[in-house]
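Participant: On the provided structure of chain A, position chain B as indicated by the hints.
Listed below are the residues making up each chain.
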Amino acid sequence: MKKFLIPLLLFAVLVLFLGAGLRRDPHEIPSPLINKVAPNFSLQTLNGSTPFSPQQFKGKVWMLNVWATWCVSCRQEHPVLVAFSKQIGVPIVGLSYKEIQPQDDPEKKLDLASQLKLARERGSVWLEKHGNPYTLSVMDLDGRVGIDYGVYGVPETYIIDKEGIIRFKQIGPVTPQTLSETMIPIIRSLENS
Amino acid sequence: MIAELGQFVLILALIVAFLQFVLPMAGSLSEQHAWQYLARPTAWLQFVLVAISYGCLLTGFLRDDFSITYVADHSNHLLPLPYKFAAVWGGHEGSLMLWVLFLSIWTSLVAYFSKSLPIEIISRVLSVLGFISTGFLLFILFTSNPFLRSLPAPLDGHDLNPLLQDPGLVIHPPMLYMGYVGMSVSFAFAIAALITGRLDSAWSRWSRPWTVIAWSFLTLGIGLGSWWAYYELGWGGWWFWDPVENASLMPWLVSTALIHSLMVTEKRGGFKAWTVLLAIAAFSLSLLGTFLVRSGVLTSVHAFASDPTRGIFVLCFLAIVVGSSLMLFAWRAPKVTLGGSMGLLSKETFLLLNSVILAVSTGAVLLGTLYPLVIDALNLGKLSVGPPYFNLVFAPLMVPLLFILIPGTVAKWRSASVKEIMMELKWIAILSLALGAGLPFLIGEWSFGVFLGWTLGLWVGLGTLQHIVQRALRPGRIGGSFWGMQLAHLGLAVLVLGVTGVKSFEVEKDVKMSIGDEVTISPYVFKLTDIVETKGPNYKAYQAQIDVLKSGQKIEQLKPEKRRYASSAMAMTEAAISTNLWRDLYVSLGDSLPGSAQQWSMRVYYKPFVPWLWVGVLMMVLGGVLAAFDRRYRRLRTSNPVQTAAQMASSFGDQGESLQGTSYGQVVPELNGLNPVLETKQFQ
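So the sequences go chain by chain: A and B.
Here the numbering used here is used: the first residue of the first sequence is 6, the next is one more, and so on.
Here the numbering used here is used: the first residue of the second sequence is 573, the next is one more, and so on.
In isolation and in its complexed conformation, chain A is listed as follows (with noise of 0.2 Å):
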């Protein structure tokens, strides 16, 4: 009898695997950079004040959100962050991520100073049109400080402790779902640490 039993039992430690497996997405990929200081940078700001680098921020828990005027995604996440700007004392620092794309300048006509005209302009007039959640937003026109912080779409978020330390990344929107369960829960426990 006990042999026989032994296919069910192999089956049911399948089953409970395939259960848990529901509960995850496979799709999240874990950023190697939790827990790791935030790569620094010093970039052009949007409205042409000082050059922003992270250490102004040190001994403040703050944000990072990577957005674009291109990215269709960022206007679903745009409203809520807006929101949530006006409710909570963090700042927000927007990453204008790759601003203009090849397709802007199909023949590379424009030098770095008209790149940042442009981008600044755009940018300006998206966030004047849809809200304005940031406390200040840098330029990376190039893309490199996105490839510094593991970028791979556009809108992701981070948050960023007192240390300077990436504790959260979000990949893709943010929802008032995930404001709410888990982004600020983490701040508020940064902030009180």
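Don't take every hint at face value.
Stated by the list, open to error - From chain B, some residues computed to sit far from chain A (all C-beta separations above 10 Å):
(1) 650
(2) 722
(3) 739
(4) 1046
(5) 1101
(6) 1107
(7) 1126
Unchecked claim - Have a look at the derived ranges for each label pair, beta carbon to beta carbon:
(8) 1020(B) x 21(A): 34 to 44 Å
(9) 1075(B) x 134(A): 53 to 63 Å
(10) 1163(B) x 45(A): 29 to 39 Å
(11) 601(B) x 21(A): 26 to 36 Å
(12) 1005(B) x 39(A): 56 to 66 Å
Calculated from the structure, these hints are not laboratory results.
Just so we're clear, the structure is a prediction, and the values are computed from it rather than from any experiment.
Here a beta-carbon is modelled for each residue, glycine too, at the ideal position from N, C-alpha and C.
Facilitator: Relative to the frame of chain A, chain B by itself:
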């Protein structure tokens, strides 16, 4: 209205399926004959209802009724007509409709061709099938309703995924589904036999042709999928060990074991519990495949539709169906008597080895497929298991499998002698080794891999040919199952030769080309002569025109395309392939590269022996069909013990498979005479 009608009829189908499950089973357990006789009418009625409902959905597609959400999501008014038929199964909901439609077709066929089966058996078989159908209809109606409307209707649909707009994909899913669903028939027979407690030769005889037909569909489905991936995805590969491919390979491996094991159960009454377990496993793995594809627990290039709530439903269904079957198995199987005695070395031994190797291979594929999920579930991290694992594990398992195939076909039942087998096969062995060692020199570089692969392929092929010649020289009618088996084995040989050849000798070049450039893969020269813009019904494309030259002579023009479908931003690669018996020349067009000159990235492949893969698969499919339609399966089957004995004996009398050394020999002459009479009765 038509969508509402479709949904209403589908609900009726659910009710009928439920009746088909409950009444005949209750009738067979309480010996209420009237209830048992409801099995067939309910099966037919269910088929009619499901077909009407499917027809309603199809009508929605043909009439461009974009108020039906599913139609709007998977069709477009520009979509060519044949693809509107295919679009019905282009998404999750419709593919389930196809699943249920095929299940009802299989069920009706079983109901029709089983007129001579004892009623308590057929009522149980149809009841089990009714249960499966009930589960799937519930699944459709509660989680995946294809008839939902969205109002106001969009002006136009989103179009069918461009990847699916291809003739190969029009027929690939139906064939695969016919195979998957067909496994439910041998499963139902196995469950009915377990409930009855009689796992006899008659049972295996009934389920053999069904299993072989389902296996043929599955083989064809997998082959078509591989063919489609090869020419449509533009990667030049034909098997990627993708979770969804594995999901179809696992039931195939198990059902291959099953058709071999059923033979032992029929001929020798052996391996009964094992055969039943394989029948359960083959269907369970088909369900598991559905779960993996539909739930999104694994990432895959095939994950066209996935949703966790659906995953929970399929998982529960899987747990109920497989769990209860395995419980039934654990309860009933210990009482099964052991079959006829078998010698340490006999045909049975080889068939047992065949089963074990195929089961282990399935286990290895299952492990590799689910490993990422298990590791993730245990919080040990995220990883993926790729082709290196599968190649490393799978190939070494195939070596002994191919090796034992030939001695297995020549060995006698019950007891065989090593000496006889060796005498019979020594020339084949020498010839295969010699050719396997020598041929690689003729074609390219010698390597151990190609030597091993070709030796085994030749061993299977030549051994089978020798067997055919020997059999043809002996007197007596040769049955379809003999030809079927040999053809399938020859197909396997061709497949093995092809796989080895393409793996060992393929050449791939990634190049940048401007108009006028050439790339050489000896002896062929590919010259890009022009790139033009063309237009299809619902796409625009860049088409490269490439002349293929061999020793300065133009032998062919290839026209690979890069298509952009109006409805989607996705660019599709249409590879251009030139085929002959020995090789494929394969060109796929990449993207235009930035820069002043018009430069394009391009992939050029020389792929020897690829056509052998498709020929091999087709031979296996035809072999299966031939075997399933063997005349002996069509003889009258009844529960009358005398006649059952007659059929059993006659199956030994049939010289389709070697029958030396059976103790049934003496019964054959007198009972064989019965069969012609019985046969004519069947076909009135």
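Participant: Work down the list of hints and note, for each, if the structure agrees.
Facilitator: Hints and how they fare:
A cut-off of 10 Å between C-beta atoms confirms that residue 650(B) is not in contact with chain A; the least separation is 24 Å. At roughly 20 Å, the least C-beta separation between residue 722(B) and chain A is larger than 10 Å, which holds for a residue marked as non-interface. Interface exclusion of residue 739(B) from chain A stands, the closest Cβ pair being 31 Å apart, more than 10 Å. Look at residue 1046(B): its CB is around 42 Å from the nearest CB on chain A, clear of 10 Å, so calling it non-interface holds up.
With 10 Å as the threshold on Cβ separation, the claim that residue 1101(B) sits away from chain A holds: the shortest Cβ distance comes to roughly 26 Å. Annotated as non-interface, residue 1107(B) keeps its C-beta farther than 10 Å from every C-beta of chain A; the closest such distance is 22 Å. Consistency note on residue 1126(B): stated as away from chain A, and its beta-carbon is indeed over 10 Å from all of that chain's, at 36 Å minimum. Distance hint check for residue 1020(B) and residue 21(A): the Cβ-Cβ separation is about 42 Å, which falls inside the suggested range of 34 to 44 Å.
In this structure, residue 1075(B) and residue 134(A) meet the distance hint of 53 to 63 Å, their C-beta atoms being roughly 57 Å apart. Range check, residue 1163(B) to residue 45(A): Cβ separation about 35 Å, and the 29 to 39 Å hint holds. At roughly 32 Å, the beta carbons of residue 601(B) and residue 21(A) sit within the given window of 26 to 36 Å. Roughly 57 Å separates the CB atoms of residue 1005(B) and residue 39(A), a value that falls within the hinted 56 to 66 Å.
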